[in-house]
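Asks: Going line by line, the protein sequences match chains V and A.
Residue numbering for the first sequence follows my numbering, beginning at 501 and increasing consecutively.
Residue numbering for the second sequence follows my numbering, beginning at 158 and increasing consecutively.
If you're looking for bench data, these hints aren't it; they were derived computationally from the structure.
Errors might be hidden in some of the hints.
Stated by the list, open to error - Ranges between beta-carbon positions, derived for each pair:
#	chain 1	residue 1	chain 2	residue 2	range
1	V	GLU754	A	HIS445	39 to 47 Å
2	A	VAL322	V	ARG799	32 to 40 Å
3	A	VAL448	V	THR662	55 to 63 Å
Backbone N, C-alpha and C fix where the C-beta goes; we use that ideal spot for every residue, glycine too.
So you can see what is in the structure, the chains are spelled out below.
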Amino acid sequence: MSNDTRFHDIKDLPSTHLLGSGTPMCAGCGGLQAVSQIYDVLGPNTIFVNAAGCMTLLSVYPFTPFRGSWLYTSMGSAPAGAQGVRDALDILRDRGKIEASEDMQVVVLTGDGSAYGMGLSATSGAIDRGLDFIYLCYDNEGYGNTGQQTSAATPHAARTSTSTGAAGYPGFKKDLFSIWVANGASYVATVIGTEPLDLARKIEKAAKLDGPRMILSLAPCPTGWDYDPKDSAEIGRLAVKTGVWPLKEFADGEVTHNKKPRKRVPVVEYLERQGRFAHLFEPERQDRVLADIQSKVDRYWDAVGS
Amino acid sequence: MYRIRFHGRGGQGIKTASRILGSALFAEGYEVQDAPRYGAERRGAPIFAYVRADRAPVYERGIIDHPDLVVVTDESLVQVPAAAVMTGLCDRSVLVIASAAEPELWQQRLGVTCRVLTLPPGPGEGAALMGAASVGAAAKLIGQISAANLEGAIRAELEGLPSDVIERNVGRALESFDSFESHAGCVSEGEALTRASATPPAWVELEVEPTSISAPAIRGEATSEQVQTGLWRTMRPVIDDSLCNHCSWICSTLCPDAAIDVGSDREPIIDYEHCKGCLLCVAVCPSHAIVVEPERAVDEHRSDP
Numbered sequence: 501m502s503n504d505t506r507f508h509d510i511k512d513l514p515s516t517h518l519l520g521s522g523t524p525m526c527a528g529c530g531g532l533q534a535v536s537q538i539y540d541v542l543g544p545n546t547i548f549v550n551a552a553g554c555m556t557l558l559s560v561y562p563f564t565p566f567r568g569s570w571l572y573t574s575m576g577s578a579p580a581g582a583q584g585v586r587d588a589l590d591i592l593r594d595r596g597k598i599e600a601s602e603d604m605q606v607v608v609l610t611g612d613g614s615a616y617g618m619g620l621s622a623t624s625g626a627i628d629r630g631l632d633f634i635y636l637c638y639d640n641e642g643y644g645n646t647g648q649q650t651s652a653a654t655p656h657a658a659r660t661s662t663s664t665g666a667a668g669y670p671g672f673k674k675d676l677f678s679i680w681v682a683n684g685a686s687y688v689a690t691v692i693g694t695e696p697l698d699l700a701r702k703i704e705k706a707a708k709l710d711g712p713r714m715i716l717s718l719a720p721c722p723t724g725w726d727y728d729p730k731d732s733a734e735i736g737r738l739a740v741k742t743g744v745w746p747l748k749e750f751a752d753g754e755v756t757h758n759k760k761p762r763k764r765v766p767v768v769e770y771l772e773r774q775g776r777f778a779h780l781f782e783p784e785r786q787d788r789v790l791a792d793i794q795s796k797v798d799r800y801w802d803a804v805g806s
Numbered sequence: 158m159y160r161i162r163f164h165g166r167g168g169q170g171i172k173t174a175s176r177i178l179g180s181a182l183f184a185e186g187y188e189v190q191d192a193p194r195y196g197a198e199r200r201g202a203p204i205f206a207y208v209r210a211d212r213a214p215v216y217e218r219g220i221i222d223h224p225d226l227v228v229v230t231d232e233s234l235v236q237v238p239a240a241a242v243m244t245g246l247c248d249r250s251v252l253v254i255a256s257a258a259e260p261e262l263w264q265q266r267l268g269v270t271c272r273v274l275t276l277p278p279g280p281g282e283g284a285a286l287m288g289a290a291s292v293g294a295a296a297k298l299i300g301q302i303s304a305a306n307l308e309g310a311i312r313a314e315l316e317g318l319p320s321d322v323i324e325r326n327v328g329r330a331l332e333s334f335d336s337f338e339s340h341a342g343c344v345s346e347g348e349a350l351t352r353a354s355a356t357p358p359a360w361v362e363l364e365v366e367p368t369s370i371s372a373p374a375i376r377g378e379a380t381s382e383q384v385q386t387g388l389w390r391t392m393r394p395v396i397d398d399s400l401c402n403h404c405s406w407i408c409s410t411l412c413p414d415a416a417i418d419v420g421s422d423r424e425p426i427i428d429y430e431h432c433k434g435c436l437l438c439v440a441v442c443p444s445h446a447i448v449v450e451p452e453r454a455v456d457e458h459r460s461d462p
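Pulled out of the complex, with its shape left as it was, chain V reads as follows:
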């Protein structure tokens, strides 16, 4: 990958930013951190099709942080909206109304509530049709905009406003990456805002490809995960160092892990910094649950191999 990238070093990252400031996202939003970096790499010729969620508050009349068009859809229908925009652009090109250089990248912007749950059917249909679009999910592991209810992306044992018991959420986080791979995507990658160089290279690569492409970004969320906004970067870094959030990509029929933590930090260090896992540490430490979470991460990396 390093040969055909313009991002060789962290110093090559863009020093001016396309996304306007003044948005209503929470202070310390890990999702906005990733979206801002991704927009810098994609450039201004980008149309965002936004499934309802936190990020739909980005563009509230008369204010927008974007440099171009933005379309708001319901939670279940963002890929259908993207299909309409892509078709319109194709028709304009076929009729000679726009030049190839004026063509635009169609990007769905969605949270995990939509991506892992109620938008999945329309998404699978768009992949079936081979829709040429990028699907960008900021995953804060719950329905954040409405008060962090459990979503299909919520990790095991996390407390949410609908999983308040001593055990937290009894289910397990859905593997959306593998679903996209199995469904026939042309490119799938996980990113995180605290690994900006890895992120920039993947966005650059995705932008050059055609077909259905997904970027799945973990989005540390001070409000929903219950921690101080200044810890957003540290929690993002720990997600990678503990192996909870593997940085990987699928291209040309193969899954590659881009950053294998050489010596993984114990998962506890990631969990104990977040209020949503506080019930695993007090009033009594729930060693069995903590060991379960650790062993699931260990099993994942054992299967990946070194």
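For chain V, the structure is supplied; the task is to place chain A on it using the hints.
Replies: What follows is chain A alone, placed relative to chain V:
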């Protein structure tokens, strides 16, 4: 009728404070209405909460424009126009500001004649307990709430939280309750509002216009920059130039709000009009060149001659 207005920032427990005060008044036999009003609905953004209490049923609704008591849990809100802290204050109103400064200084600064009291934050006390402190103060100033009913309302509202959190809040509220003993009952009930006494909003009548004018195509880029999210901030990051290594690709890239610009010598420049004060840059700066200053200390520097 008592009309109480709380001003605070998201995350300070203002909504909870208004519910506790409402429940405590209810326990004293009042008819009560309490309602929060969120603006940006984000931690750090200005929010409001209203409590009405009367011996008769409360039919009045909406925003409180004629408060008997105003409680401000963050002094930096006073200068924020959108927070409208001063709205409707009159000579008989009571204004409580969470501040270490003297009440007389605030009276002078604000040019008001009403009673001003200050609620000094405890040593090393975070924003989290300001809600409890303010509800304790409000209960004593109204003078109709017993310590037992105040405590009962707090315990009922916070039920389910860890017991040390509940005890800290109860302790802080009761301490604040006792500290205002000399002003007990200084808040008086306001007059009933009539249709005749209501002031119409200052709206502008608009003619019906053709669609091409009234719904124009929006072509502005990044117009969100007109929104000053810097007003959300209670603490500000300040770069110490002597320590900064100009590795701005770190702080500028990681700032979630694109609020750190990069200068010609790759030096980072913080955009205080938009910085929300998350302080993520402070945490990631490799040379520890970014320090944190409370907003009011910054104001004091600015006013130095």
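Asks: For which of the previously enumerated hints does the structure constitute a violation, in increasing order of number?
Replies: 3
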